[in-house]
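Peer 1: Start from chain A and add chain B according to the hints.
So the protein lines, in turn, are chains A and B.
Position 71 of the first sequence, counted from 1, bears residue number 71 in our numbering, the numbering being contiguous throughout.
Position 38 of the second sequence, counted from 1, bears residue number 38 in our numbering, the numbering being contiguous throughout.
Keep in mind that the hints were calculated from the coordinates and are not lab data.
It cannot be assumed that every hint is accurate.
[As the list claims (entries may be wrong)] Some chain B residues judged to face chain A by a derived CB distance under 10 Å, without partners named: (1) 34; (2) 45; (3) 51; (4) 95.
[To be verified] If you want a taste of the chain B side facing chain A, the calculated C-beta under 7 Å gives, among others: (5) 20; (6) 43; (7) 46; (8) 49; (9) 94; (10) 102; (11) 106; (12) 108; (13) 109.
Quick caveat: nothing in here was measured; it's all calculated off a predicted structure.
Backbone N, C-alpha and C define an ideal beta-carbon position, used for all residues, glycine too.
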Amino acid sequence: EAQVTQNPRYLITVTGKKLTVTCSQNMNHEYMSWYRQDPGLGLRQIYYSMNVEVTDKGDVPEGYKVSRKEKRNFPLILESPSPNQTSLYFCASSFAQGYEQYFGPGTRLTVT
Amino acid sequence: AQSVTQLDSHVSVSEGTPVLLRCNYSSSYSPSLFWYVQHPNKGLQLLLKYTSAATLVKGINGFEAEFKKSETSFHLTKPSAHMSDAAEYFCVVSAYSGAGSYQLTFGKGTKLSVIP
Chain A
1 EAQVTQNPRY LITVTGKKLT VTCSQNMNHE YMSWYRQDPG LGLRQIYYSM NVEVTDKGDV
61 PEGYKVSRKE KRNFPLILES PSPNQTSLYF CASSFAQGYE QYFGPGTRLT VT
Chain B
1 AQSVTQLDSH VSVSEGTPVL LRCNYSSSYS PSLFWYVQHP NKGLQLLLKY TSAATLVKGI
61 NGFEAEFKKS ETSFHLTKPS AHMSDAAEYF CVVSAYSGAG SYQLTFGKGT KLSVIP
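Next comes chain A alone, as it looks inside the complex (with noise of 0.2 Å):
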């Protein structure tokens, strides 16, 4: 089955303790990208890659930083969450940029 597979589904942290979140996907896609979701503001994007080893910064790459390895795996790594960082993450693959994209589950991180 196609997909985009996150984990954990859901964390809760203390400041300042580094984590990662795992986003894989299964249908060698090019394009991955991580989202957040925050009551009224809808989706931002946090960071997006277009190919393996190529990454840049969206909308509030603040806080986050990513790596693109492999093709199919693209983590988010919080080296020092922050309660500003609690949310809804999800991660997204698609063909190419700008084509429709595929979305994970979601991760819910808390940060106290």
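Peer 2: Relative to the frame of chain A, chain B by itself:
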């Protein structure tokens, strides 16, 4: 520059009545347009897409949308609402933004409630 405006943040309909969710966009280049649905505690699922072929686009679960260039609109419709349609719907525009890049812009979402 491009933008997407979903004209209603919340729409409420009775089961069995038509659904209309409105979306206007602006774009300097010819856009692709998408509608996504998000059920509670779920990811976004693609409902339908317009990519410069037929202007009336049919999607899953009986939804369709019409691309109207003169009105810069891409409204989502369904003839008869089901309880299972209660969800949040997002209109998305994708267009070339120069230097080999495409810009993707999400609307703020419309929450659809279906009354039994």
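Peer 1: Now, for every hint given, state plainly whether the structure supports it.
Peer 2: Here is what the structure says about each hint:
The interface hint given for residue 34 (chain B) is met, as the beta carbon of that residue sits about 6 Å from the closest beta carbon of chain A, less than 10 Å. Annotation: interface hint on residue 45 (chain B) holds; nearest CB of chain A at approximately 7 Å, less than 10 Å. Using the Cβ-Cβ criterion of 10 Å, the hint placing residue 51 (chain B) at the interface with chain A is satisfied: the shortest such distance is roughly 9 Å. This hint holds: residue 95 (chain B) has a C-beta 8 Å from the nearest C-beta of chain A, less than the 10 Å allowed.
Proximity of residue 20 (chain B) to chain A is violated relative to the hint, the smallest CB-CB distance being about 20 Å (cut-off 7 Å). Restraint check, residue 43 (chain B) versus chain A: the minimum CB separation of about 4 Å is within 7 Å; hint holds. Interface hint status for residue 46 (chain B): upheld, as the beta-carbon distance to the closest one in chain A is roughly 5 Å, under 7 Å. For residue 49 (chain B), the interface hint holds, the least distance from its beta-carbon to any beta-carbon of chain A being 5 Å, beneath 7 Å.
Look at residue 94 (chain B): its Cβ gets to within about 5 Å of chain A, closer than 7 Å, so that hint holds up. A cut of 7 Å between beta carbons decides the hint on residue 102 (chain B): the least distance to chain A is about 3 Å, and the hint holds. Residue-level restraint check for residue 106 (chain B) holds (minimum Cβ-Cβ distance to chain A is 5 Å; threshold 7 Å). Below 7 Å, beta-carbon pairs count as interface contacts, and residue 108 (chain B) has one with chain A at about 4 Å; its hint therefore holds.
Annotation: interface hint on residue 109 (chain B) holds; nearest CB of chain A at approximately 6 Å, less than 7 Å.
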